[in-house]
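Peer 1: Chain by chain, the residues:
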Amino acid sequence: MIEIDDVSKWYDDFQVLRDCSIGVARGEVVVICGPSGSGKSTLIKCVNGLEPFQSGRITVDGISVGDRRTHLPKVRAKVGMVFQSFELFPHMRALDNVTLGQIKALRRGKAEAEAVAMDLLRRVGLEEHARKHPAELSGGQQQRVAIARALAMQPVAMLFDEPTSALDPEMINEVLDVMVELAQDGMTMMVVTHEMGFARKVAGRIAFMDEGRIVEDRTTEEFFGAPHTERAQAFLSKILQH
Amino acid sequence: MFAQFDFDVILRSLPFLWQGMQVSLLLTGLAVVGGIVLGTILALFRLSRLVPLAWFGGLYVNMFRSVPLILVIFWFYFLVPVALGRPVGGFTSALIAFVLFEAAYYCEIIRAGIQSVPRAQTNAGLAIGLSQAQVTGYVVLPQAFRNMLPVLLTQGIILFQDTSLVYVVALRDFMTASSVVATRDGRLIEMYTFAALVYFAICFAASRAVRRLRRTYAL
Amino acid sequence: MNYNWNWGVLFQDPYYWWLASGLMWTVLVAGAAWLIAFPLGSAIGVARTVEIRWARAIGTVYVELFRNVPLLVQMFLWYFVFPELMPEAVGRWLKRDLPNPEFWTAVVCLGTYTAARVAEQVRSGIESIPKGQRNAALAVGLDEAQAYRHVLLPVAYRIVVPPLTSEFLTIFKNSSLALTIGVLELTAQSRQIENYTFQGFEAFTAATILYLLITLLVVLLMRRVETRTRIPGYIAQGQA
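Those protein sequence lines, which keep their order, are chains A, B and C. The numbering used here applies: residue 1 is where the first sequence begins, and numbers increase by one. The numbering used here applies: residue 1001 is where the second sequence begins, and numbers increase by one. The numbering used here applies: residue 2001 is where the third sequence begins, and numbers increase by one.
Bear in mind the hints are in silico, worked out from the structure with no lab data behind them. Beta carbons are placed, not taken as given, at the ideal position from N, Cα and C, and that holds for glycine. Among the hints, erroneous ones may be present.
Said to hold, decoys possible - FRET-style restraints, in silico, Cβ to Cβ:
no.	chain 1	residue 1	chain 2	residue 2	range
1	C	VAL2027	B	PRO1015	31 to 37 Å
2	B	ILE1041	C	ILE2058	39 to 45 Å
3	C	TYR2196	B	THR1216	51 to 57 Å
4	A	GLY62	B	ARG1212	49 to 55 Å
5	C	PRO2099	B	ARG1049	55 to 61 Å
6	C	LEU2213	B	SER1116	29 to 35 Å
7	C	LEU2212	A	HIS71	38 to 44 Å
8	A	SER55	C	GLU2226	48 to 54 Å
9	B	GLY1090	A	TYR11	54 to 60 Å
10	B	THR1216	C	LEU2221	54 to 60 Å
11	A	ARG131	C	TRP2007	55 to 61 Å
12	A	GLU128	B	THR1216	29 to 35 Å
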C-alpha cells in the first residue's frame, strides 16, 4: 500500500533523511519511534507530499508521490493525516471541519457530506459536539474530530504524526482507543508515536529511526523480545520508564 | 519618445533642488527629535495612574490621529502668527505642526515599547530600592527604546516622506523646489520623475539600513 | 491675540454648502479608492505568501515602489506624467474627454498606494497563522487555492481587522492630498473659507470636527464587523 524506497532529503546542506526504506502492507499497522530530530515527522510528511524529497521513491496505492506529474490533492484525499497539534480549522464548527474536504475535494453534496460527518463523529463519540467550534473542545476531543475529518475522505491509509504528544495524560487514552478500533477494523496505518503500549497492542511492525536513518524494522514480537541495537536500546530505556 | 525630454533641466537646477532638500532634511531631523521627546512625555502621560494626565494624553493622541496632516499644517500656518501677534516664517509654523502631529504617532510606538518591557523588570528595580521615576528612567526606558528603535526609525522615514506636504503652504522643500522648476521651465515629466527617483532612492536605502540594523542586533 | 470671532460664518451661504460639498468629495474619494485598495491589496498580499517565485517578486516590487515614494509625488506622477506616457489616443482621452479627471486620478493614486499598505497587513495576517493549518488543509485533499480560500484567508482577515480599520481611516485622511490636484474635498474647502472670510479658526474647527465624526463612524462600523465575524472562543494572534 505504502512503499518508501531509499528516500533521502536535505534542508539546504543538512541531510534530514538518509536512504530510508520501509513499506506498509494493506491492513498493516506500522509504528515508527525514535528521538526528536530523528526525522520521523519529516518522513511521514513526505508520504503525502507535504514535504518534498530529493532522492528515492514513495508510492501510495501505486501512485508515485514524488513524480511531478502527480496531482497531489488526489493523493492526499486517499491518505488521511492526523497532526500532533490537531490543526482543526478554528473558524469552522466541528461538523464543518469534517465536511470541508468532502465538499471541496471529493465534490460531494452538502447533505451527503453532513450525513457521513455525523456518522463519523458518532463513531468517535462526539455526536453532541458537532456544532461546537474547536476552541470550545478539549484537546482529546479536538484530536478525535481531526481523526473523523481524515476518515471522512474514505482514505485507503492513515498517517498519524505523534497524535497524542500534545495531549494531557488523562486524554491520551480516549484518542488511543479510537486508533485501536480503527486498526482492528483493518485500516492501513503508519503511526509516529512513543506510546509503546499502543504499539504492542495493534502494531504489526515497529521501526526505530535515529539521525535520519531507519535503524531497526522488526515485527512486534521481535521488537519486544529479541535484543536491540545500542541506539534503540538507549532510547527505549528512557521512554519505557513511564 | 524620450527625444523631446530635456533631462538637462535637472542638472541645471541641482543647486536649487539641493537647497530644497536641505530644508526637507532639516525639517525631518528636527521633527523626529521633537516628536520623540514630546511623544515620550505623552506616552508616560497615557501610562500614568493620574487620571487627568492619562485622559489628556489619550485625547491628544486620538485627536491628532483622526485628522489629515495637511489640515494640521493649515491650522498652524494660520494659527501661529495670530497667536503670537506677529508674522512667523513658514518653516517655523510647519515645524510646530510636524512636531505636534508626529508626537501622537511616536507616542503610540513608545507606549507599546514601554509596555513590552516585562512587569518583572519594574518589580526588580523597585525591589532593589529605586524609586518609580528611577526605574522608569534607568530600567524601563532604555530597554523600551532598544526594542522600538527599528520602528522609530521607520516612522522617521515616513516623516521624511510627509515633509513633502509643505508644498501646500509653498515652503521651499525638495518637493516644492522640484515643482517650481517644473512649472517655471515647463518640464513636469522630467522633474517629477526625478523627484520620485530621489525619494525612492533615499527611502529604500534607509529602510534597507533599518532592516540590516534589525538583523545585526536581533531587535 | 487679535482675532474677530464669528462662528456664524459657518452657517452662512455659501460657506455651509462648501463644507457639505467638501465632505461629500472626501467620502467619495476615500470610498472609491478603498474599492480599489482592498481587493488589489489582498491579491498582492496573498501573492507575497505563495510558493511561486515570480508572484512573490511582483508583490515585493509593487510594495517597495509604492511605499518608498511620498503620496504627493505619486499624485503628481499620476496626474502630470502618466497621461504623457500612455499611447497618444489614451493620453488624449485622459486629458480631454475623461469627466472629472482630478477625481479619478486621485482615486486611482490613492487606491494603488493604499493597496500596498493593505498588502502588507494581509501578508502579515497570513504569515501569523501556524504552518500546521496549511498542512492540515492540504492533507485533507484541498488544493492550494482552496486552502487559501477556505482556511487561511478567513482566519487571516479576522486577525487583521484592527490594522485594516486603521488603513481605512488612513485613506480618509490621505484623501486630503487630492486637493493638490484640484479636488475640492473637505480640507480644501475649509482653506477656501479661510481665504474668503479670514475666519480660519472657525473654518478649520469645522473641518476638524467633521474628520473626527468620520473617524468615529468608521471605528464604530469596524467594531461591528469585528463582533459579527468573531470566532467563538478563539483569540486571534496578536491580541491578548
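Peer 1: Please test the hint of 49 to 55 Å on the beta carbon pair from GLY62/A and ARG1212/B.
Peer 2: holds, 51 Å
Peer 1: Is the distance from the Cβ of THR1216/B to the Cβ of LEU2221/C consistent with 54 to 60 Å?
Peer 2: violated, 42 Å
Peer 1: Using the beta carbons of LEU2213/C and SER1116/B, state whether their distance is inside 29 to 35 Å or not.
Peer 2: holds, 33 Å
Peer 1: Quick check: does the Cβ-Cβ distance between TYR2196/C and THR1216/B fall within 51 to 57 Å?
Peer 2: holds, 56 Å
Peer 1: How does the Cβ-Cβ distance of VAL2027/C and PRO1015/B compare with 31 to 37 Å: does it lie in that range?
Peer 2: Taking Cβ atoms as reference, VAL2027/C and PRO1015/B lie about 44 Å apart, which means the hint is violated.
Peer 1: Is 54 to 60 Å respected by the C-beta to C-beta distance linking GLY1090/B and TYR11/A?
Peer 2: With a Cβ separation near 59 Å, GLY1090/B and TYR11/A satisfy 54 to 60 Å, so the hint holds.
Peer 1: Given a hinted range of 38 to 44 Å, is it respected by the beta-carbon distance of LEU2212/C and HIS71/A?
Peer 2: At roughly 55 Å between Cβ atoms, HIS71/A and LEU2212/C fall outside 38 to 44 Å, so the hint is violated.
Peer 1: Quick check on a hinted range of 29 to 35 Å for GLU128/A and THR1216/B, using CB atoms only.
Peer 2: At roughly 55 Å between Cβ atoms, THR1216/B and GLU128/A fall outside 29 to 35 Å, so the hint is violated.
Peer 1: The hint says 39 to 45 Å between ILE1041/B and ILE2058/C; measuring C-beta to C-beta, is that right?
Peer 2: Cβ of ILE1041/B to Cβ of ILE2058/C: about 44 Å, so the range 39 to 45 Å holds.
Peer 1: Taking the Cβ atom of PRO2099/C and the Cβ atom of ARG1049/B, is their distance within the range 55 to 61 Å?
Peer 2: Holds, since PRO2099/C and ARG1049/B (Cβ atoms, about 58 Å apart) stay within the stated range.
Peer 1: Can the suggested window of 48 to 54 Å be confirmed for the beta-carbon pair SER55/A and GLU2226/C?
Peer 2: holds, 49 Å
Peer 1: Quick one: are ARG131/A and TRP2007/C within 55 to 61 Å, going by C-beta?
Peer 2: holds, 58 Å
Going down the numbered hints, you'll see the structure goes against 1, 7, 10, 12, while the others check out.
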